[in-house]
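Asks: So the protein lines, in turn, are chains A and B.
Letter 178 of the first sequence, counting from 1, is numbered 177 in numbering that gives the first Met the number 0, and no numbers are missing.
Letter 57 of the second sequence, counting from 1, is numbered 56 in numbering that gives the first Met the number 0, and no numbers are missing.
Since the hints were made in silico from the structure, they are not lab data.
From the three backbone atoms N, C-alpha and C, an ideal C-beta is built for every residue, glycine too.
Errors might be hidden in some of the hints.
To be verified - Restraint ranges, calculated between C-beta atoms of paired labels, are given here:
no.: 1; chain 1: A; residue 1: Lys219; chain 2: B; residue 2: Gly147; range: 34 to 42 Å
no.: 2; chain 1: A; residue 1: Leu213; chain 2: B; residue 2: Gln236; range: 30 to 38 Å
no.: 3; chain 1: B; residue 1: Arg225; chain 2: A; residue 2: Pro108; range: 50 to 58 Å
no.: 4; chain 1: A; residue 1: Gln51; chain 2: B; residue 2: Met155; range: 54 to 62 Å
no.: 5; chain 1: A; residue 1: Met175; chain 2: B; residue 2: Asn109; range: 31 to 39 Å
no.: 6; chain 1: A; residue 1: Ile113; chain 2: B; residue 2: Arg225; range: 56 to 64 Å
no.: 7; chain 1: A; residue 1: Thr29; chain 2: B; residue 2: Gly217; range: 47 to 55 Å
no.: 8; chain 1: A; residue 1: Thr29; chain 2: B; residue 2: Gln130; range: 34 to 42 Å
no.: 9; chain 1: A; residue 1: Pro181; chain 2: B; residue 2: Val14; range: 50 to 58 Å
no.: 10; chain 1: B; residue 1: Met155; chain 2: A; residue 2: Leu121; range: 49 to 57 Å
no.: 11; chain 1: A; residue 1: Asn221; chain 2: B; residue 2: Gln130; range: 23 to 31 Å
no.: 12; chain 1: A; residue 1: Leu121; chain 2: B; residue 2: Pro145; range: 37 to 45 Å
As the list claims (entries may be wrong) - Computed footprint of chain B on chain A, listed as stretches where at least three residues anywhere in the stretch have a Cβ under 8 Å from a Cβ of chain B:
no.: 13; segment: 42-54
no.: 14; segment: 68-82
no.: 15; segment: 194-202
no.: 16; segment: 205-216
no.: 17; segment: 247-257
What the hints assert, rightly or not - Covered stretches of chain B, as calculated for chain A (at least 3 residues, CB under 8 Å):
no.: 18; segment: 31-44
no.: 19; segment: 61-75
no.: 20; segment: 78-88
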Amino acid sequence: MSKVLMKGNEAIGEAAIRAGCLNYFAYPITPQSEVAEYLSRRLPEMGGVFLQGESEVAVSYMIFGAAAAGERVFTTSSSPGISLMSEAISYMAGAQCPAVFVNIMRGGPGLGGILPSQADYLQATKGIGHGDCRLLVLAPASVQEAVEMVMMAFPLAEKYRNPVMILGDGLIGQMMEPVEFPDHLKTAPSNKNEWAVNGMETRKSDRRNLIRSLYLDPEKLNENNLILKAKYDRMKKEEVRFEAYNTDGDYGVLIVSYGTMSRVCRTAIDQLKERGIEVGMIRPQTVFPFPETAVEKAAGKKSCRVVASIEMSMGQMVEDVERAVKGKRPVQWYGKCGGDVPTPEEVMTFVTSLAA
Amino acid sequence: MGKTFHKPLALSDQVTHYCPGCTHGVIHRLVAEVIDELGIQRRTVGIAPVGCAVLMYNYFTFDFLEAAHGRAPAQATGMKRVRPDLVVFTYQGDGDLASIGMGEIIHAANRGEKITVIFVNNAVYGMTGGQMAPTTMPNQRTTTSPFGRRVEEVGMPIKMAELLAALQTPAYITRQTVIKPKFVNKAKKSIKKAFEYQMAGQCFSFVEVVSTCPTNWGLTPVEALRWAEETMLPYYQLGDLKTPE
Numbered sequence: 000m001s002k003v004l005m006k007g008n009e010a011i012g013e014a015a016i017r018a019g020c021l022n023y024f025a026y027p028i029t030p031q032s033e034v035a036e037y038l039s040r041r042l043p044e045m046g047g048v049f050l051q052g053e054s055e056v057a058v059s060y061m062i063f064g065a066a067a068a069g070e071r072v073f074t075t076s077s078s079p080g081i082s083l084m085s086e087a088i089s090y091m092a093g094a095q096c097p098a099v100f101v102n103i104m105r106g107g108p109g110l111g112g113i114l115p116s117q118a119d120y121l122q123a124t125k126g127i128g129h130g131d132c133r134l135l136v137l138a139p140a141s142v143q144e145a146v147e148m149v150m151m152a153f154p155l156a157e158k159y160r161n162p163v164m165i166l167g168d169g170l171i172g173q174m175m176e177p178v179e180f181p182d183h184l185k186t187a188p189s190n191k192n193e194w195a196v197n198g199m200e201t202r203k204s205d206r207r208n209l210i211r212s213l214y215l216d217p218e219k220l221n222e223n224n225l226i227l228k229a230k231y232d233r234m235k236k237e238e239v240r241f242e243a244y245n246t247d248g249d250y251g252v253l254i255v256s257y258g259t260m261s262r263v264c265r266t267a268i269d270q271l272k273e274r275g276i277e278v279g280m281i282r283p284q285t286v287f288p289f290p291e292t293a294v295e296k297a298a299g300k301k302s303c304r305v306v307a308s309i310e311m312s313m314g315q316m317v318e319d320v321e322r323a324v325k326g327k328r329p330v331q332w333y334g335k336c337g338g339d340v341p342t343p344e345e346v347m348t349f350v351t352s353l354a355a
Numbered sequence: 000m001g002k003t004f005h006k007p008l009a010l011s012d013q014v015t016h017y018c019p020g021c022t023h024g025v026i027h028r029l030v031a032e033v034i035d036e037l038g039i040q041r042r043t044v045g046i047a048p049v050g051c052a053v054l055m056y057n058y059f060t061f062d063f064l065e066a067a068h069g070r071a072p073a074q075a076t077g078m079k080r081v082r083p084d085l086v087v088f089t090y091q092g093d094g095d096l097a098s099i100g101m102g103e104i105i106h107a108a109n110r111g112e113k114i115t116v117i118f119v120n121n122a123v124y125g126m127t128g129g130q131m132a133p134t135t136m137p138n139q140r141t142t143t144s145p146f147g148r149r150v151e152e153v154g155m156p157i158k159m160a161e162l163l164a165a166l167q168t169p170a171y172i173t174r175q176t177v178i179k180p181k182f183v184n185k186a187k188k189s190i191k192k193a194f195e196y197q198m199a200g201q202c203f204s205f206v207e208v209v210s211t212c213p214t215n216w217g218l219t220p221v222e223a224l225r226w227a228e229e230t231m232l233p234y235y236q237l238g239d240l241k242t243p244e
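Just chain B, same shape as in the assembly (with noise of 0.2 Å):
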């Protein structure tokens, strides 16, 4: 009998620093996996976010470039367009995409820009340590939220997905999670799918991954897994917004 579970050659022997029940590991596996099935490792980038996946590069193997905060899909485009042949991937948070790089997401996005971006939505700033995003939750309490956020005074958060699937270029936007094991192996078709359409140099691919911060939600792993899936899902729900078809 063959070997049925094993490491994909994408990521590194070494340990993360991710807090306990944070699911930026099943995401970084996710994305390797598509690396190895796709057979792209020796010619992929990625592109290292500001925030919690600061360090990803880390737990990779392949050739990586640092971002600063939300210019990460600028970086892209600069590489993508002088090196069309390269795989070249974003991979950011919600702070970093949602807030300070919103501008670089719509242009890249409208432009059509041939990269995939892997966006990691947990609802609040995590490597600063807790501050409200603006996708973080109505009512939901971060350290710059104490009294949760007052949607009144600063807005309701923003679905990444449905904004840029309101522009006409970018044709592969989904929003997954990976916060049950049945949409785990969803997510995982998508962030292929996004990947194949940049090899076929199909469009902008774009996957929103619903995920937790324990740490700055104040819960335990499994507590946030429940509260991400009643709390988030409903207003930030699953499935396909746009795809090229």
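If we strip away everything but chain A, and leave its shape as in the complex, we get (with noise of 0.2 Å):
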């Protein structure tokens, strides 16, 4: 297919439907309303189900009740909207129900503002709800990139039978792009016959499915967080992403960044080289997990003296940083959370303040 030019938001629901994800369920919020606009025409197309719900918390149930029958089904929303989804995720995590949830961040805390933002870091990465639940989290740099991870995070959280985030910032949802969608994935949900509650009569035996997050019995329910905890350790070793950009020769800074934030810290990159000044960049694609040895890795070359986590909050992906770095190396945050994204200009007057 030839590129077309389009916004992250449609994209992202275009994306879904060629993921073979035809149940869409969904609240409107800033700045991403527009995928619900965009699938309220396009899923009727398609036979597909879409329903706007009363609000993000009955809407992340009807995201659990469609994915405990097995369907491939995804809803997108916005910061406090998440947090207010954040509950059915962990019944979810709990429960071993896979879906794909999209937050285009904003500002905040509280309803902060509706320009980008990667406020939700800590949220997304470090267990959203209660309980010890975690998400497998892509975090897109482009429009291009948002597709390809959409289409990826559905066969992910089938593997893993767990929710998957895309955490993408407002621009990202926002900007127009050219974009070339991929084939339509040809997989559908793997053996959801085994665990969903589908009807029995969709089984070949009389064993009837239960899905559940309770367990009464202190076992039991140590048993199933053994489960889950591996789950997410096989996470760690099969998961991790991310791009390496100009680390190959040396490099006296580091920086990690990621999202909209990483790409106005390559063009900082590339004007800074044209000075002389040689900065890498490891630019996380999961935040979780995170690539921690690929940090390590890269702060530890022998030319690098600093390594800086650059983002759109208030030093959230920096404490991520630091643990990867282990104390090797320093390690200094730059970042904005208003909703303007820091300009080349900004990154590039931290940076060679840390590089003097």
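Starting from two chains that each stand alone, build the complex the way the hints lay out.
Replies: Printed below as a string of structure tokens:
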């Protein structure tokens, strides 16, 4: 298929369809309402399910109900809405139900603002709801990558029987970029009849299925948590994704940055190079699991004197960067969180102050 | 002579955890009998609530999904929308449905979701130990209304069936009870109708069942039945509030 110019939010909706997900429930919230607007037209065309729920709370449980029946399903929201959905996400993680949640982040806390932000990093990566639950979190840096990650997210959610989150900042949703859609995914949700509550008649045996997160027996609950932990550990082994930029040669500063912010950093790195200042970058594409080893290795390079976590939040990812660097290099933070994205000049000023 | 009484296929062999005199057992049996009679065990999914019936899936033999407190109608919505061929029902208590789940039940009803809701109203939070519910009767003592429900502070009990019947879309809304044998058969008929309307793709169906909680009411099972009849039934009047015909 040739390239089309598309707004991120609409491309995300289209990507889900091409991933074979024809079920979408949502509640409007800026800056991602275009996903719902787009799919309210597209899904009926495709014979799919579109429903605008009465709240993010209700929507997240509609997702749970559809996922429990073994069908591909997803929703999109933005920061305050995701807070409301975090209850259901915890239940779904506990009950091992796969689904995709897209968070097009806006500024917070509270109502915050409606402009781009990355301030839900800790919420997304450190166990979004109550209890020991984790999400696999993919962080796109372009509309194209958002499309690819949405399409990747469904099979990943099914592989782990766990919710997967696409963590994009408001710019990813609002920006128009040329995008090329990969072919339709041909896979259907696998083995769903083994666990889904989709009616006993779907199974050959007389076994009935039960989906729950309640285990009153402490040993049984511990067992369930061990099953979940094993999945999260497996994610850390198998799902780490990152991109290294300008790390082949020597550099004095290593930037760690993701999403839209990483693109600004990339411009800054290119411009600094022209001035003879070498800066490397690790761009996490998964923020859970975090590319710890890659960051540790890149920070450990002899020439590297300092590591900078540059993010549109007041210092959230920096905690993961510090953990990865293990005190071997000083770790600095730079960021802004009001809604305007730091400029390449601002990043260059910060980085040169470190390089000096 | 054939066997005249047997356990419904839809019920499991497990002994329930319900207190003596609790009417959940009777309502479970009615649901199971209806599912047997309609022959839908293999395509039914129950949504179990938070509350005393949280473990109800242990007592049935078909697929079940556990709900979060109040959210069962949203879960049922999601499931039924993506699998319209399934028979989906929720089974919820009054703390669950009339308090924390008020938003979900009203909107599911108003959208006319083709699901069935069995609403067990015993005027108290059972599982958490007898706290005041939105359906607690005026002056009724509970662990959080030790001097009785003061309506001037917390309002009158909510009549869920009437509230939902005020919406134009939901078409089958009824209130029944199981506190006397003569009511049990009527309640079963209503539950059966509710499932039949769903199966015909006709409407949202809601059966409120006035129930008892001897333990949290501090009464013997017999006293509890009498209290329900004398105190609850005059306020929660039995009968169909809306039928699709």
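Asks: Could you run down the list of hints and mark each one as holding or not?
Replies: Consistency of the hints with the structure:
no.	hint	result
1	A:Lys219 to B:Gly147: 34 to 42 Å	holds, 40 Å
2	A:Leu213 to B:Gln236: 30 to 38 Å	holds, 35 Å
3	B:Arg225 to A:Pro108: 50 to 58 Å	holds, 54 Å
4	A:Gln51 to B:Met155: 54 to 62 Å	violated, 33 Å
5	A:Met175 to B:Asn109: 31 to 39 Å	holds, 37 Å
6	A:Ile113 to B:Arg225: 56 to 64 Å	holds, 59 Å
7	A:Thr29 to B:Gly217: 47 to 55 Å	holds, 52 Å
8	A:Thr29 to B:Gln130: 34 to 42 Å	holds, 39 Å
9	A:Pro181 to B:Val14: 50 to 58 Å	holds, 54 Å
10	B:Met155 to A:Leu121: 49 to 57 Å	violated, 44 Å
11	A:Asn221 to B:Gln130: 23 to 31 Å	holds, 29 Å
12	A:Leu121 to B:Pro145: 37 to 45 Å	holds, 42 Å
13	42-54	holds (count 5)
14	68-82	holds (count 3)
15	194-202	holds (count 5)
16	205-216	holds (count 7)
17	247-257	violated (count 0)
18	31-44	holds (count 5)
19	61-75	holds (count 11)
20	78-88	holds (count 7)
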